[in-house]
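Participant: When you get a sec, could you build the whole thing from the sequences and use the hints?
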Amino acid sequence: MCGIAGLIHRGKSSKVGHELQGMLQALKHRGEDSTGYALYGDTDGKNFIMRFKVGENVGEGSTSVAEDVSVYDERKKIVDGYLNEMGAKIIKEERILPYSLRYEIEYNKKDLLEFSQKIESIPGVEILSMGKSLEVIKDLGNAKMVCDRYNLDKLVGTHAIGHARMATESGVDIKSAHPFWGYPFSDVSVVHNGQLTNYWNNRRALENKGMRFMSECDSELIAVYLAEKMRDGASLEEGMKESLTGLDGVFTYFVATKDSLGMAKDTMAAKPLVLYESDDLVAMGSEEIAIRSILPQEIDTYDPFDGEVKVWQI
Amino acid sequence: MANIKSVSKKTKAQAMGMHTEVLTGRTQQKFFNPDEAENFYYFGTHDVDFNKRTDLDVKDMTAAEANKEIDNLMGQGYGTIVIKNPQGKHSLGVGILNKLNLIFEGSLGYFGMGSCDGPIVRINGRVGWSCAENLMAGKVVIEKNAGSCFGAAIRGGDLICKGSVGARTGIDMKGGTIIIGGDAGAFTGFMMQRGRIIILGDVGINLGDSMYDGTIFVGGEIGSYGSDAVDAELTKSDQDWLKRKLKVAEIGENFDVSKMKKIVAGKKLWNYDNLEPTEKKGAI
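So the protein lines, in turn, are chains A and B. Its first residue numbered 476, the first sequence is counted upward by one per residue in my numbering. Its first residue numbered 321, the second sequence is counted upward by one per residue in my numbering.
The set of hints was computed from the structure by calculation and includes no laboratory data. Heads up, some of the hints might be wrong.
[Stated by the list, open to error] The following residues of chain B were derived to be distant from chain A, with all beta-carbon distances above 10 Å:
| no. | residue |
| --- | --- |
| 1 | Asn465 |
| 2 | Ser484 |
| 3 | Gly486 |
| 4 | Gly495 |
| 5 | Asp503 |
| 6 | Thr555 |
| 7 | Leu566 |
| 8 | Val577 |
[To be verified] If we take Cβ atoms under 8 Å as the criterion, some of the chain B residues that face chain A in the derived model are:
| no. | residue |
| --- | --- |
| 9 | Gly408 |
| 10 | Ile423 |
| 11 | Gly429 |
| 12 | Gly445 |
| 13 | Arg446 |
| 14 | Gly448 |
| 15 | Trp449 |
| 16 | Lys464 |
| 17 | Ser468 |
| 18 | Ala487 |
| 19 | Gly505 |
| 20 | Gly521 |
| 21 | Gly524 |
| 22 | Ser544 |
| 23 | Gly546 |
| 24 | Ser547 |
The model shown is predicted, which means the values in this text are computed figures rather than measured ones. Idealized CB from N, CA, C, for every residue including glycine.
Facilitator: In structure tokens:
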């Protein structure tokens with residue numbers, strides 16, 4: 476069934492990694508096959524942060540296979556070489572796990588399409604996120620396990636979205652885990668709770684328009700769908716409103732950019748969402764207990780209505 | 321055994337247009353012997369004194385522990401119980417088959433007050449999905465908003481939300497009354513079979529979709545009508561009943577009920593009758 480959570484601080488920063496961990500852990504009964512975070516940290520905005528993987532953490536139902544660390548090392552070398560070829564300078568490099576890396580990159584071209592295609596042409600390599608404040612971290616296990624593994628507790632930022640996954644549409648692996656990056660737009664991420672029934676029709680149409688899919692998870696469609704709308708000049712909110720009719724099925728999803736957070740709920744209102752909104756904080760989740768993990772005092776919350784789209788700025 | 325012919329007389333509810341079918345099935349018959357005392361014992365009930373009051377802090381309890389403690393307190397005769405720090409926990413207050421004054425100082429998660437029969441409940445907060453599902457009797461008042469599937473499949477009692485509610489309010493309800501002070505989402509009254517829903521605010525799309533029977537009253541705008549939901553005349557007796565109900569519910573006492581819309585089943589989708597399966601065999 477999956478659980479989603481998100482929060483945005485308006486006018487200040489906070490320990491969003493810690494806060495989102497609490498929210499997602501409160502939702503772990505909705506699925507702990509994998510957990511993912513999209514965190515928008517405080518940065519100077521000069522360099523790109525690229526989170527990528529050079530291998531898989533393989534769980535139940537995955538079509539991927541476990542590989543030796545030497546394979547990961549080889550792929551990393553090729554990535555480094557390609558970055559050098561494209562004029563991207565690695566400022567800082569962290570290898571958090573054998574298959575998971577974080578690079579701070581100086582790269583001056585605005586179009587990330589060619590860049591991403593080049594890096595992802597290496598078999599087994601996937602960019603999880605590329606942005607000047609966005610960092611997507613996802614792996615198998617519940618929120619606390621992933622938070623501890625990647626040391627996310629201390630990350631300070633303005634907003635974040637996350638996902639606790641019960642795998643139903645595809646295997647248990649990192650590539651099928653949420654959040655999904657809004658490729659090739661920097662700093663765009665999506666999490667989703669629900670099922671999309673016109674996934675393949677939309678996927679074929681979008682692939683014919685040059686869009687890329689990395690998994691067979693229906694939720695990835697939302698990120699690609701919105702990215703395509705934005706590529707054609709739509710604003711984020713316009714793209715989200717179009718998705719209410721363009722996407723078929725039941726869904727509640729969150730999308731975040733470097734300075735905003737949005738939610739959309741399908742016209743059947745079949746997937747839950749509870750929302751708290753004040754002047755300085757918006758927090759939302761599949762269940763109220765997610766919000767209570769950061770706001771234990773009595774507060775006013777509500778369910779957004781069917782077909783509702785909302786976007787908040789930091 | 322009750323005489324099944326006696327129910328063929330038009331009841332007051334039928335005269336008011338609340339339902340129109342004549343109930344003749346076996347479900348209307350009563351099978352008990354007044355000489356057998358065990359037929360009057362209701363499993364899981366206690367003698368309680370409403371003047372005997374206590375607080376229960378459930379902050380560090382699971383829902384199962386909290387519900388068991390409520391049952392223990394009723395067993396000790398407490399008739400008024402105040403629950404502190406519910407903090408959005410799911411499934412609190414379920415399965416209470418007793419007269420009881422229950423007050424929640426805070427919000428509940430999903431399935432709060434499910435399958436209850438008899439308690440008077442006040443929730444000084446919000447409730448999540450499926451509040452008071454399958455309520456048989458009693459009164460549940462929510463001071464703030466409620467999630468989707470509010471009052472799903474209730475069979476009796478009064479369920480009142482002073483704020484707004486999500487989608488599918490009163491889905492599959494078979495009796496009782498649901499009163500909403502604010503707005504209601506899509507598919508309100510979806511497949512309802514009996515009972516009444518009152519919404520003082522606006523309501524979303526597909527109102528009363530595939531409703532078999534029952535009545536929906538709406539004070540605000542209607543997003544759209546569902547399949548087989550149609551307007552009906554708001555009678556004087558409807559208005560009297562609405563006024564009385566809103567007053568008892570402590571909600572919208574001064575609301576102008578004369579401008580409310582009344583929605584009932586068009587009965588074009590009806591493809592069932594009142595016979596029980598065994599009776600159908602006999603008829604064939």
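Participant: Please write out, lowest number first, the hints stated earlier that are contradicted by the structure.
Facilitator: As far as the earlier hints go, 1, 2, 3, 5, 10, 20, 22, 23 and 24 are violated by this structure, in ascending order.
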